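Novice: Here is what each chain is made of, one letter per residue.
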Amino acid sequence: MPELGEEERRSLKEEISSLEIRLKDAKSQLSLRDDRIESTHTFDLGISRAISSLPPDIGFETLHMLLILSDSALPLGSFAFSSGLESYLAHQRLSNRATFASNASNASNSSAFLHFLHLSLGSIASTTLPFVLTGHKHPDQLLCLDNDLDASTPCTVARRASVTQGRALLTLWERSFRRQHVHSSPSKRDAGIDALESFQVSLREAGRTDGRAPQPASASAGPKEPAFVTMGPSAHMAPLFGVLTRVLGLPLRTAAYLYLFSHARTVTSAGVRAGALGPYQAQEILVGGAVSERIGRLIDEGWDRRVEDAGQSVPAVDLWVGRHELLYSRIFNS
Amino acid sequence: MTSPFPTLPLGPGVGEITLHPLRTAQPALQSLRYQYPLKLVAPAPSTVSSPPSSPPTTHLVHTIFLLTYGGGLVAGDVISLHVSLAAAARLVLLTQGSTKVYKAPSGGAGARQRMEVALRDDAMLCYLPDPVQPFAKSAFEQAQVYVLHGAEASLCVADWVAEGRRARGERWGFGGYGSRNEVWGCEAGGGGRRLLVRDNVFLTDKHGANGDFAAAVDGLGAVGTLILGGPGFRGVGRFFMEEFQAMPRVGGKKWDGSEGEEEETGRERWRARRLKEEGRDGVLWTAADVRGFVLVKFGAREVEGVKVWLRNMLREEGTVEATFGERALLCMK
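Residue numbers (the UniProt record's numbering), protein chains in the order written: chain A, 1 to 334; chain B, 1 to 333.
Hints in this document: simulated from the structure, not taken from any laboratory.
Quick caveat: nothing in here was measured; it's all calculated off a predicted structure.
Glycine is no exception: its CB is placed at the ideal position from the N, C-alpha and C atoms.
One should not assume that every hint holds.
[As the list claims (entries may be wrong)] What the simulated footprint calls covered on chain B by chain A, stretch by stretch (three residues with Cβ under 8 Å from a Cβ of chain A suffice, anywhere in the stretch; the number is not a length):
id: 1; segment: 70 to 79
id: 2; segment: 84 to 97
[As the list claims (entries may be wrong)] Among chain B residues calculated to face chain A with C-beta under 7 Å, some are:
id: 3; residue: ALA214
id: 4; residue: VAL217
id: 5; residue: ASP218
id: 6; residue: GLY251
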């Protein structure tokens with residue numbers, strides 16, 4: 001390898017010091033909250049490429065949680081969603097047929113998949129990652145985050161996917177995680193637990209009074225009350241994911257990495273089932289440096305992005321996901 | 001330094017449109033002010049009569065062109081427009097050609113534009129502009145914020161962006177672009193306001209497609225959003241939803257009606273023709289009900305394709321022309 005130039009050396013040093021600051025931040029956040037987590041080694045996957053000098057160790061408790069949450073058998077129903085992949089492939093086939101009647105070979109299928117995965121990760125990071133991060137940092141804003149994400153989700157299919165998994169996450173909390181955490185340290189209860197509890201209360205109340213979805217036209221039979229006053233929470237995935245991972249003791253960057261990794265894993269697994277990839281190809285893609293590097297970079301870029309500034313960075317995704325409803329045959333729900 | 005124009009306390013690029021009832025029952029243009037580089041032009045309001053079925057009433061429709069000197073924005077331009085619409089006000093906002101954004105010096109600030117519209121009671125706004133056309137190496141950011149005071153206000157607003165100067169081979173070659181549309185609901189009696197719809201799209205160096213904007217729009221030449229809301233446009237929203245549902249399935253067998261031509265209704269014939277045009281122009285679109293608003297996302301191979309499609313849809317449904325007159329669709333020509 002050639003010698004590093006002065007310029008590169010300096011920029012690398014700057015990067016290292018900024019990463020160290022973030023690491024310190026994450027650690028202090030962690031130690032502020034919970035005495036339960038003894039570990040001082042936060043295994044931050046998002047910046048693992050840059051902190052190889054640190055012991056690659058992780059507290060068993062956090063590791064345990066991470067393994068549970070990264071399991072594709074986690075009952076969130078994620079396997080039912082392809083995040084627009086199925087629609088993308090269908091549109092791809094359509095335009096191939098239109099231009100140069102090529103019967104899509106395996107190779108072009110997998111390169112189309114890689115292209116999609118790249119765009120899809122960018123899209124999910126720009127639209128929802130800020131909600132994960134803010135949910136983790138400020139669980140008390142959960143209701144507002146849920147409302148704002150609902151307002152920012154421009155298509156029926158994406159909403160269905162997000163709300164289905166968000167509700168599943170809540171059920172998972174209630175039935176599997178809650179008992180242990182509510183009783184573990186009653187004196188120093190995490191704000192995230194209160195947030196989850198009160199969110200569930202308002203979700204149930206909303207369900208009792210006006211049904212699930214707001215009814216725009218028909219509901220205004222009574223007094224002329226604007227529909228927007230009565231709108232209840234929806235339970236979108238991203239903010240709940242942030243709050244839940246906080247409660248379960250995952251550091252912020254780890255939670256963010258887990259969120260984007262799970263997305264990549266879900267889309268890749270959908271790729272296998274949609275016939276775009278072989279199972280070994282799928283693992284090769286996930287293991288390959290491109291995915292982890294992309295996730296790390298997206299976390300860095302989105303780290304300071306405010307919730308108000310979340311938005312679509314890949315407009316084509318909105319079209320693909322929205323038009324999923326128009327597919328002639330479907331094996332996924334999104 | 002004191003301003004040489006003390007009677008006009010507007011900053012550069014600031015504009016103000018106020019449609020409030022004066023003495024007459026019909027809302028009149030109470031205020032129309034602007035400063036360089038923004039220019040607002042208001043032709044005489046037109047009178048539009050209601051559809052023949054309802055009791056014969058007429059409405060005054062105001063039209064305002066949003067212009068900039070030189071026909072575009074240069075780096076450093078900041079436009080800030082405030083629009084206030086009182087009860088019964090009907091306003092059509094138009095542009096005169098695409099909003100061009102010129103090349104920004106590298107590293108310098110780009111151009112920015114912000115429009116805030118307050119709609120009271122049953123005020124109606126129709127804003128179907130030409131696209132923003134950011135030239136290569138330009139930087140632009142805009143926000144359109146609509147504040148509804150009460151659930152009776154209606155809006156039909158579009159926001160779209162084109163790839164640049166196609167003739168010069170410019171294809172999404174700008175440095176950065178961002179546009180957001182927000183609809184806020186304000187509770188009567190000055191209570192808090194709640195975000196109802198947010199449509200934020202940005203194409204910047206870092207995020208998403210890693211600067212490959214042509215990939216981020218899947219090779220389309222123009223993409224955008226149409227937002228329909230309020231009682232005045234509920235029918236239009238429903239129309240888009242129904243037409244979306246009636247689209248032929250992707251990847252299914254093509255039923256192009258060549259065989260078994262049974263009696264088609266006028267609507268079906270129109271749809272068949274439209275679908276053919278959509279195929280020709282590479283139009284892709286979707287419609288979704290978002291909390292009582294209908295959000296339509298669209299794209300086409302070229303600007304012209306979007307115009308043909310959107311004009312066709314809105315004319316077939318009819319409400320926009322019936323409510324605002326033909327002029328409302330001027331930019332779609």
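Novice: Of the numbered hints stated earlier in the document, which are not met by this structure?
Specialist: 1, 2, 3
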